[in-house]
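Visitor: Each chain, written out:
There are 2 protein chains.
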Amino acid sequence: MTDVERVEYTPVPVRETLIMMKDISELMIDLAYSAALFNNRELAEEVMELESKMDTLVYVLNMNLMLAARDKEDAESLAGVAKVGSLMNSISDAAADIAGIVLKDIGVHSIVREVFQRTEEHLARVMLSETSILAGRTVDDLDLAAEVGVDIIAVRRGKHWMINPEKEIILPEDVLVARGTELGLEKLVKAARGELEYLG
Amino acid sequence: MTDVERVEYTPVPVRETLIMMKDISELMIDLAYSAALFNNRELAEEVMELESKMDTLVYVLNMNLMLAARDKEDAESLAGVAKVGSLMNSISDAAADIAGIVLKDIGVHSIVREVFQRTEEHLARVMLSETSILAGRTVDDLDLAAEVGVDIIAVRRGKHWMINPEKEIILPEDVLVARGTELGLEKLVKAARGELEYLG
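Protein sequences, first through last, are from chains A and B. Residue 264 is where the first sequence starts when you use the numbering used here, and the numbers rise one by one after that. Residue 264 is where the second sequence starts when you use the numbering used here, and the numbers rise one by one after that.
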C-alpha cells in the first residue's frame, strides 16, 4: 500500500513519493470520471481531498530532490524526476477540475456521462458501519475480488489515505473506495452498511 | 474503433469526438510511461503524433459545441462538456511532456524507470513487414489476446490513427501499438517483422 498521510511529516525516499503520486493521480482520474458519471458529490469531494494530498506530495518531492542533488550531474538527472512529479500533479489538477464540475452544480451533460459510461467497471464509495461484517478484517483477508468481484482500491480514515491497501485492518467509519462490476459494488455497499450477514 | 484522421476534415458529433479524446489521452499516458521506462524514442514520437491529433480534436470539439448551443441553457450545459475536453487535452499535454523528456535526451533517471516498471503489462510498437503472417487480416480475426496474450490497442497508417481497432485489416507498413506481457509482446514483434511462420 501507499501511505499518504505519513509523508506530510516525515521525509521519504523520492522513489516512494513518486510512486504515491502516480497511484494517487490514477485514482483521482478514476474517481473524477465516476463522480461525473453519477453526478456524485461524495466521490467529487474525495477527489478534492486527494488533490490537497497531491499538493503536499509535490512539495515533499521537490524538497527531497534538492537534498539528493550533490553535483551538476545529479541536478541534471533529477530535474527529469521533478518534471515527472509536476506532470503527475497536472494530471491530478485535471481530475480535480472534472470533480469541480460536479461540486459547482454546473450540471453534468448527458454527453459527458455517455463518454464515461463506456468503461465496464465503476467505482463506489461507502463508509463502514459499526455492524458491518467487513469491520476488523484486513483487505487481503476479505478477498473481495474472489467473493464479490470488487477490489478495494483505497481506504480513507479521517484525513489519512491508504492507497492499494493489503494488510490493513478496516475499521468502522473508514471510507472505502472500491472498483468492480455494478452488481459486485452493490453487494459491497450493503455489506459495508451492515445490511448483509455474509458475503458471496 | 475510434478513427482520428477523419474528424480533421468532417464535423462529427460531440459525443464521438469526446470519446476519441478520452481514448487518445489514455493511450498517450500509457505510451509516455512506456517511452520513459524503456527510454524509447519511437514510442515518444508516437506520443507527439497523438498530441498533434489531440490539438486538432480540441478545436473540432469546440467548433461543434458552438454550433450545438442554441440558447442560454444549452450554452451553460455545454460549457461543462468543453471543460472536460480541455481537461483531456491537459492530460495529453502531460503525456507529451513526459515523452519530451525522452526526446530531449535529458536522460530518464532510474527512479522514474522504477516507478513506471511497477505495472505488469507493457507496450510495444512495431511496423508490419511485407512478409508478416499478420498482414492482410483483421485485428479481431487475429485474436492475439488468445493466441499470444497481447492486445493491439492502436494502429497508425501514415498519419491516420485507429484507436481500439477491431474490424480493420492491418497492412504492411502499418505501425502497431500493442499491450501485453513481455513474452507476448516479443512474439508479436517477431511475427510483425516476418520472423515467425505461425503464432501460438
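Since the hints were derived computationally from the structure, they do not count as laboratory data. One or more hints might be untrue.
Treat identical chains as interchangeable: a pair holds within one or across any two.
Unchecked claim - Under the rule of at most 30 Å between Cα atoms (straight-line distance), these lysine-lysine pairs were calculated in the BS3-like manner:
id: 1; residue 1: Lys430; residue 2: Lys367
id: 2; residue 1: Lys430; residue 2: Lys453
id: 3; residue 1: Lys346; residue 2: Lys422
id: 4; residue 1: Lys453; residue 2: Lys335
id: 5; residue 1: Lys430; residue 2: Lys335
Keep in mind the model is a prediction, meaning the values are calculated, not measured.
Visitor: Decide, hint by hint, whether the structure agrees.
Guide: Status of the hints after comparison with the structure:
{"no.": "1", "hint": "Lys430 - Lys367", "in the structure": "neither (37 Å within a copy, 41 Å between copies)"}
{"no.": "2", "hint": "Lys430 - Lys453", "in the structure": "within (23 Å within a copy, 41 Å between copies)"}
{"no.": "3", "hint": "Lys346 - Lys422", "in the structure": "both (27 Å within a copy, 29 Å between copies)"}
{"no.": "4", "hint": "Lys453 - Lys335", "in the structure": "neither (57 Å within a copy, 41 Å between copies)"}
{"no.": "5", "hint": "Lys430 - Lys335", "in the structure": "neither (41 Å within a copy, 52 Å between copies)"}
This entry does not satisfy hints 1, 4, 5, going by the numbered hints stated previously.
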